[in-house]
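Visitor: Dock chain P against the given chain L, drawing on the hints supplied.
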Amino acid sequence: SISASCFEFFYIEMIDCIMKSSSDKQHAHKKLDKLGFKVGHRLVERLSLDTALFPELLDSVKFICKVFWAMVFKKTIDGLKTNHKGVFVLTDSKFQWLQHLSFDSSASNKDCSEYVQFTAGLIKGAMSNFGFKCIVTFDIQQVSTCVFTIKIES
Amino acid sequence: MSKKYDKLGNDVFNKVEKINSELFTLTYGALVTQLIKDYEDIEQVNIKLEQMGYNIGIRLIEEFLAKSGIGRCSDFIETAEVIAKVGFKMFLGINAHVGDWDADRKEFHLTIEDNPLIDFVELPEQYKHKLYYSNILCGVIRGALEMVQMKVKCTFVKCTLSDDTTSEIKVVLEEVLSDMIPVGYD
Chain L
1 SISASCFEFF YIEMIDCIMK SSSDKQHAHK KLDKLGFKVG HRLVERLSLD TALFPELLDS
61 VKFICKVFWA MVFKKTIDGL KTNHKGVFVL TDSKFQWLQH LSFDSSASNK DCSEYVQFTA
121 GLIKGAMSNF GFKCIVTFDI QQVSTCVFTI KIES
Chain P
1001 MSKKYDKLGN DVFNKVEKIN SELFTLTYGA LVTQLIKDYE DIEQVNIKLE QMGYNIGIRL
1061 IEEFLAKSGI GRCSDFIETA EVIAKVGFKM FLGINAHVGD WDADRKEFHL TIEDNPLIDF
1121 VELPEQYKHK LYYSNILCGV IRGALEMVQM KVKCTFVKCT LSDDTTSEIK VVLEEVLSDM
1181 IPVGYD
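So the sequences go chain by chain: L and P. My numbering puts the first sequence at residues 1 to 154. My numbering puts the second sequence at residues 1001 to 1186.
With the rest of the complex left out, here is chain P:
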């Protein structure tokens, strides 16, 4: 399954219009700096970044589905593969890996390689393990999945900027939302 989505991710990424990632990296960095200045409280910055990501996710899913041609996933395991191999590849041009499934298959870790957001970035000591610099990605995943009836919670568990060896997002499936609200239900 993973191989199939590897190929699809590559194919879609080759098709989409691309720009130099430095513009994105630098603009994102400038925004995070501005947010830190505006909010002062780092936790608020994390929340704001996640919210921005959510707003992006709910719009981005449409383009994702249209360009990748992916239909409904059979289970959450497949969903995870699609996010890692097609989603991350298509938009950021990078590879992500799924691992660390829990026994119920409702929770996994997404390891991100070569995250373009953190190029040229170094966190000052006082922000390490406090600021989730790329927290916008968590929001994007949450927003996008909510549009396909999955309520998830995403958190950064490891970040290379905070001296961890990898960058990992934990994704927990909380609820599968039903397509339609039954008649007479409120």
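For reference, chain L alone in the conformation it holds in the complex:
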């Protein structure tokens, strides 16, 4: 293991690097999403080495909420909702990578979605390793609550 702050220092710098090397915000988000996808895909590969194949979609999502989240964020997802038709809503009410952000209250731009996009990619990559293609969107609420919505594509 390594120190958590070591990763976070690096994470901030990585976001900065991607934002600066992209032509616009949309492009940057796409890159972060792809990076996350790659990492998520590989992480799950290693995490689930000793796990039997999941028979149900819900089991895969639960794995992400518990085991996967614990490995990345040292906590589990706080809330999981589903419509049982392929949509899952994951709530993390203390999203780690927004914890140490400070912002200028007078600033007009309070968008910090670039610090979350990578995670949407992580989820997508993880799901793809379980054999599910999906779209992941997210919404930042209040200070550090993040809601991720997984929509399975059939």
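These aren't lab readings, by the way, just hints derived from the structure by calculation. All values derive from a computational prediction rather than experimental measurement. A portion of the hints provided could be inaccurate.
To be verified - The calculated DSSO-like cross-link candidates involving lysine-lysine, where the alpha carbons are at most 27 Å apart (straight line), are:
{"id": "1", "chain 1": "L", "residue 1": "20", "chain 2": "P", "residue 2": "1153"}
{"id": "2", "chain 1": "L", "residue 1": "34", "chain 2": "P", "residue 2": "1048"}
{"id": "3", "chain 1": "P", "residue 1": "1037", "chain 2": "P", "residue 2": "1130"}
{"id": "4", "chain 1": "P", "residue 1": "1048", "chain 2": "L", "residue 2": "38"}
{"id": "5", "chain 1": "L", "residue 1": "74", "chain 2": "P", "residue 2": "1015"}
{"id": "6", "chain 1": "L", "residue 1": "34", "chain 2": "P", "residue 2": "1004"}
{"id": "7", "chain 1": "L", "residue 1": "62", "chain 2": "L", "residue 2": "151"}
{"id": "8", "chain 1": "P", "residue 1": "1004", "chain 2": "P", "residue 2": "1170"}
{"id": "9", "chain 1": "P", "residue 1": "1067", "chain 2": "L", "residue 2": "74"}
{"id": "10", "chain 1": "L", "residue 1": "30", "chain 2": "L", "residue 2": "133"}
{"id": "11", "chain 1": "P", "residue 1": "1015", "chain 2": "L", "residue 2": "94"}
{"id": "12", "chain 1": "P", "residue 1": "1015", "chain 2": "P", "residue 2": "1048"}
{"id": "13", "chain 1": "L", "residue 1": "85", "chain 2": "L", "residue 2": "133"}
{"id": "14", "chain 1": "L", "residue 1": "94", "chain 2": "L", "residue 2": "110"}
{"id": "15", "chain 1": "L", "residue 1": "30", "chain 2": "L", "residue 2": "62"}
{"id": "16", "chain 1": "P", "residue 1": "1130", "chain 2": "P", "residue 2": "1158"}
{"id": "17", "chain 1": "L", "residue 1": "34", "chain 2": "P", "residue 2": "1037"}
{"id": "18", "chain 1": "P", "residue 1": "1004", "chain 2": "L", "residue 2": "38"}
{"id": "19", "chain 1": "P", "residue 1": "1158", "chain 2": "P", "residue 2": "1170"}
{"id": "20", "chain 1": "L", "residue 1": "20", "chain 2": "P", "residue 2": "1037"}
{"id": "21", "chain 1": "L", "residue 1": "34", "chain 2": "P", "residue 2": "1128"}
What the hints assert, rightly or not - Looking from chain L toward chain P, a few residues come up when the C-beta cut is under 7 Å (computed):
{"id": "22", "residue": "1"}
{"id": "23", "residue": "3"}
{"id": "24", "residue": "14"}
{"id": "25", "residue": "71"}
{"id": "26", "residue": "72"}
As the list claims (entries may be wrong) - Stretches of chain L that chain P covers, calculated by requiring three or more beta carbons in the stretch to come under 8 Å of a beta carbon on chain P:
{"id": "27", "stretch": "4-11"}
{"id": "28", "stretch": "131-142"}
Heads up, the beta-carbon is just placed ideally off N, CA and C, and yes, glycines get one too.
Guide: Relative to the frame of chain L, chain P by itself:
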């Protein structure tokens, strides 16, 4: 001196919050791949990684000083030990060794063991001896030392990814910056 810092490094590492290094290793790998795609020129990738490290170093030093409780080092030899035994241990959980001092005691080699950045990594033949995959570490050392008034130059001299037997960073002290600029000086 080395023993004392060995212990301190261990103690501090035990105290800090930790995460699984695989997340870090894989994310770093994905970023390096992205940079190679973006820049094409490998030398530019090396420079970019070093710059990123520098930006990290200038922020990381604060946490380092706060958590380790280390004060001013008496000389560059002590600084080297602190980096190797406390710095590398505290953040990456690994051991590093100082060696190959030059006669003036201004230049040493830092040998890194079990570098987590290069787990699962293999360099394609065309990048060997060109891409300094872990060059971010050089930047971190440079940035952190600059914040404590030491201007250094760090370069990778050996890397296991390029088939060398060890990973070594050469650190050269170029200048000790003065704390304050004298009045009327510009």
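Visitor: Indicate, hint by hint, whether the structure satisfies it.
Guide: Tested hints:
1. About 25 Å separates the Cα atoms of residue 20 of chain L and residue 1153 of chain P, which keeps this hinted pair within 27 Å; it holds.
2. This hinted pair checks out: residue 34 of chain L and residue 1048 of chain P have alpha carbons roughly 20 Å apart, not beyond 27 Å.
3. A C-alpha spacing of about 15 Å is found between residue 1037 of chain P and residue 1130 of chain P, which places the hinted pair at or below 27 Å, so the restraint holds.
4. Annotation: proposed proximity of residue 1048 of chain P to residue 38 of chain L holds, straight-line Cα distance about 21 Å (limit 27 Å).
5. Distance hint between residue 74 of chain L and residue 1015 of chain P is fulfilled; the C-alpha atoms sit about 16 Å from each other, no more than 27 Å.
6. For the proposed pair residue 34 of chain L and residue 1004 of chain P, the alpha carbon gap of about 45 Å is over 27 Å, so the pair is violated.
7. This hinted pair checks out: residue 62 of chain L and residue 151 of chain L have alpha carbons roughly 15 Å apart, not beyond 27 Å.
8. Our distance criterion of 27 Å between C-alpha atoms is met by residue 1004 of chain P and residue 1170 of chain P, whose separation comes to about 24 Å.
9. With a C-alpha separation of about 21 Å, the suggested pairing of residue 1067 of chain P with residue 74 of chain L holds against the 27 Å cut-off.
10. Distance check on the hinted pair: residue 30 of chain L and residue 133 of chain L sit about 17 Å apart at the alpha-carbon level, within 27 Å; holds.
11. Only pairs whose Cα atoms come within 27 Å are accepted, and residue 1015 of chain P paired with residue 94 of chain L is accepted, the gap being roughly 22 Å.
12. Of the pairs offered as hints, the one joining residue 1015 of chain P and residue 1048 of chain P is violated, with about 32 Å between alpha carbons and a cut-off of 27 Å exceeded.
13. Restraint check for residue 85 of chain L and residue 133 of chain L: satisfied, since their Cα atoms lie roughly 14 Å apart, inside the 27 Å limit.
14. Distance check on the hinted pair: residue 94 of chain L and residue 110 of chain L sit about 18 Å apart at the alpha-carbon level, within 27 Å; holds.
15. Taking the CA atoms of residue 30 of chain L and residue 62 of chain L, the gap is about 26 Å. The hint holds against a cut of 27 Å.
16. About 11 Å separates the Cα atoms of residue 1130 of chain P and residue 1158 of chain P, which keeps this hinted pair within 27 Å; it holds.
17. In summary, the hint linking residue 34 of chain L to residue 1037 of chain P is supported, as the alpha carbons are separated by about 13 Å, within the 27 Å threshold.
18. For the hint pairing residue 1004 of chain P with residue 38 of chain L, the CA-to-CA distance comes to about 41 Å; that exceeds 27 Å, so the pair is violated.
19. Taken as a hint, the residue 1158 of chain P and residue 1170 of chain P pair is honoured in the structure, with Cα atoms around 9 Å apart against an allowance of 27 Å.
20. For the suggested pair residue 20 of chain L and residue 1037 of chain P, the alpha carbons sit about 15 Å apart, so the restraint of at most 27 Å is met.
21. Simply put, residue 34 of chain L and residue 1128 of chain P have alpha-carbon atoms about 26 Å apart, close enough for the 27 Å limit, and the pair holds.
22. Restraint check, residue 1 of chain L versus chain P: the minimum CB separation of about 4 Å is within 7 Å; hint holds.
23. The beta carbon of residue 3 of chain L comes within 4 Å of a beta carbon in chain P, closer than 7 Å, and the hint placing it at the interface holds.
24. Against a cut-off of 7 Å between C-beta atoms, the interface hint on residue 14 of chain L holds, since the closest Cβ of chain P lies about 5 Å away.
25. For residue 71 of chain L, the interface hint holds, since its Cβ comes within 7 Å of a Cβ in chain P; the closest pair sits about 5 Å apart.
26. This hint holds: residue 72 of chain L has a C-beta 6 Å from the nearest C-beta of chain P, less than the 7 Å allowed.
27. For the stretch 4-11 of chain L, the proposed coverage by chain P is satisfied: 7 residues have a C-beta within less than 8 Å of a C-beta in that chain, meeting the threshold of three.
28. Coverage of the stretch 131-142 of chain L by chain P is violated in this model, with 0 residues showing a Cβ closer than 8 Å to a Cβ of that chain against a need of three.
Hint violations for this structure: numbers 6, 12, 18 and 28, all remaining hints satisfied.
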